[in-house]
Amino acid sequence: MNVFLKIEGLTVEYRSGNRHVHAVNDLDLQLGEGEVLGFVGETGAGKTTTALSILRILPNPPAKVLGGKVIFKDQDIIQLSDREMRAIRGEEIAMIFQDPMTSLDPVKTVGDQICEMILLHRNCSKKEAWEMAGDMLETVGIDRGRAGDYPHQFSGGMKQRVVIAIALSCKPSLLIADEPTTALDVTIQAQILELMKELKKKYQSSMIMITHDLGIVAEICDNVAIMYAGGVLEYGSVMDIYKDPRHPYTRALFDSIPDVHRDQARLKVISGLPPDPTDIPSGCPFHPRCPHCTERCKTEKPEVVHLNETHWARCFLAQEEGRYEHE
Amino acid sequence: MSEPLLEVRHLKKYFTTKKGLLHAVDDVSFSIEEGKTLGLVGESGCGKSTTGRVILRLHEATGGEVLYRGRNILELSPREMREMRRKMQIVFQDPYSSLNPRMSVKSLIEESLLQRSRGMSSAEREQKVLAIMDLVGLERRLAYAFPHELDGGRRQRIGIARALILEPEFVVLDEPVSALDVCIQAQILNLLMDLQKELKLTYLFISHNLSVVKHISDEIAVMYLGKLVEKADHETIFKDPKHPYTKALLSAIPIPDPTLHPERIILEGDVASPINPSPGCRFRTRCRHAMPVCGEAAPELMQNGKSIVACHLCNPQSVETARVGGQE
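Same order as they appear, the protein sequences are chains E and G. All residue numbers for the first sequence refer to our numbering, where the first residue is 25 and numbers rise by one. All residue numbers for the second sequence refer to our numbering, where the first residue is 2 and numbers rise by one.
The shape of chain E in the complex, shown without the other chains:
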């Protein structure tokens, strides 16, 4: 698989007064062509900030990229001029936001909102754009006759379909979906996931799926990055991560979800709270909550331990086999 997005040492900080919030710390990741990568982590793990820096839509100030590279198709996005970036945004990289209720313009028809994107990037007439907007609506399962309707005339699931139609209207090679189904009901979520799977097949675009739902990841992603305190703790294929998790945090994350298909008397809980992003612990960021913490973890940041070609973890103990029992 060709690597077409590569993030190296990305560091992003939010400043408010004298406080420096370390949102993303020295993050390395890569994404192959046609691959679906899941970003998993708790609130504040830096998932959305990473996504926004790929699109360069971080609110600046307060956010500031302190270092690192985001290499997309052989050019460093961080170094591009605003004009060059505008050509990539929407055309090459598009984003689906979490809340379809607020990400559409309430005073424009959905057809116009799709046209807006097409007219910005394609050299075509208004009429052709409207035609294409109708096609897009049909692709996401909405009757083209509804292009003249306003967002409030659609239900939540339908609005999210419109948002997907806008994102896909210029056939981007990378689609970033930030919790696309969190605001929806389960039966509607199932519809949207099914649609995204179909579209992934049809357009062959790569995708970054940001979610906290490990079920969605299992269903739709090829690879997973487990994020914590602004960095990736473990990365691997879905099989590696689900069947052979090596980082204690990954393991704990799996233990804390109630599983419909298993009977558990009590959920295992990670003690303590996620770290304060203004004061990230020294050494391994997970050490204050880790049941296997050693003296070394407190002072030294673990290097990446490669377990196989695609699977790695940042943990001193990652090499030890069978440390965790698999239920």
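These are calculated hints, taken from the structure and not from any lab test. Heads up, the beta-carbon is just placed ideally off N, CA and C, and yes, glycines get one too. Honestly, I wouldn't trust all of these hints.
List of simulated lysine-lysine pairs, DSS-like, C-alpha gap at most 27 Å [unchecked claim]: (1) E:LYS292 / G:LYS20; (2) G:LYS198 / E:LYS292; (3) E:LYS267 / G:LYS201.
The calculated label-pair distances, taken between Cβ atoms and stated as ranges, are [claimed, not checked]: (4) G:GLY270 / E:THR67: 26 to 36 Å; (5) E:HIS44 / G:ASP219: 46 to 56 Å; (6) E:THR334 / G:GLN304: 51 to 61 Å; (7) E:THR67 / G:GLU264: 50 to 60 Å.
Based on these hints, arrange chain G on the given structure of chain E.
Positioned in the frame of chain E, the structure of chain G alone reads:
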């Protein structure tokens, strides 16, 4: 079998809207035994929260009965109801918006004591507040902190402390963990289960998350558009769902295991409007098994094996009744 603590009979709540009558809760009946948990699940707008609120009389019911230890609380006078509410409490969904941002943790928890236990000295009250903080796992040092200084999990602990300080017997938990991260969610679920054992509480647990409901409930009731469609103990409903809606709801949950690819039932379309619903089964517009009879008469809840189901497909005898009813 012990006496039910709470029995809801033919509960109805209609709201008048410009477009017509909105049937939020339509003829819902269930009972909860003392010390047990009933999980109420369904999608947004199915009336699950309204049911919880009508039981506490935060909304007045349009019809039906709510029997608490055999006494119909819908007929109580406001004064009697105030006394009753001491025994019946609620924990709300969003710990970010349900707490007054200008009150400290201590005064938030103390507030309900001030209302209900006049004549208690401030030292006694403080003792009680600290005791309940220990119980729900809030550090004593946080007594003078404000909600914005705390994370979601701690805020929800305040919500639970506020509900429990009056020593209730029955608690409505309205999506208590939906706004929390998975790890924090697990902490709060464990806390709720420990408290139930310790204080012999009875819960009505309202949620849209089936895995959470399964974890905490003894019995589970599924609602769709104001109607109860199926009720069974928590194992039966997952192993042997009867109603087509329950089946679809269960199959829609993404499974955190990449090796399993169960067949998924995708429901077409959206939930219909609860305003002036047409007669017949409410689910028929999205049901793949819909039959002509489904449009004629609403199915009644009937015993089917270990479950109670309202569906013409599962209960052939209900089709007969509907036919006979239609001819008359």
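Structure-based check of each hint:
no.	hint	in the structure
1	E:LYS292 / G:LYS20	violated (48 Å)
2	G:LYS198 / E:LYS292	holds (18 Å)
3	E:LYS267 / G:LYS201	violated (39 Å)
4	G:GLY270 / E:THR67: 26 to 36 Å	holds (32 Å)
5	E:HIS44 / G:ASP219: 46 to 56 Å	holds (49 Å)
6	E:THR334 / G:GLN304: 51 to 61 Å	holds (53 Å)
7	E:THR67 / G:GLU264: 50 to 60 Å	violated (33 Å)
Hints 1, 3 and 7 from the list above are not met by this structure, while the remaining hints are.
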